[in-house]
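Novice: Produce the entire structure from the sequences given, and follow the hints as far as they go.
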Amino acid sequence: MRPALEEIKTLEAFVNGSLPEEESQELEIRLLWDEYFKQKFQLQQLAYRAIQDAGRQQLRQELKAIHTRLFST
Numbered sequence: 081m082r083p084a085l086e087e088i089k090t091l092e093a094f095v096n097g098s099l100p101e102e103e104s105q106e107l108e109i110r111l112l113w114d115e116y117f118k119q120k121f122q123l124q125q126l127a128y129r130a131i132q133d134a135g136r137q138q139l140r141q142e143l144k145a146i147h148t149r150l151f152s153t
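Heads up: the sequence shown begins at 81 in the working numbering, then just goes up one per residue.
Since the hints were derived computationally from the structure, they do not count as laboratory data. By construction, the Cβ of each residue, glycine as well, lies at the ideal position given by its N, Cα and C atoms. Check each hint, because a few of them may be wrong.
[Said to hold, decoys possible] Label pairs and their in silico Cβ distance ranges:
1) H147 / L126: 25 to 33 Å
2) H147 / L123: 18 to 26 Å
3) F151 / F117: 48 to 56 Å
4) I88 / L150: 35 to 43 Å
5) Q105 / E142: 39 to 47 Å
6) L143 / A93: 27 to 35 Å
7) L112 / L139: 34 to 42 Å
8) E142 / E86: 32 to 40 Å
Specialist: Following this line, the structure appears as structure tokens:
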């Protein structure tokens, strides 16, 4: 796997809590001393939040449309 994709996979596992303890500790240390890596991590977290928010908004709109269809006269 390409290094960039491997890094994304590792960060995702860290965020999800599925990274082994030793790797998790190594990543936490790297986040402390590698500012560029820390910025990439923060951007990835921001992207995940944006995707989650968009999904929630879409779900709200779909539920509102269902509610309107069911309860409109």
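Novice: Of the hints given before, which are not true for this structure?
Specialist: 2
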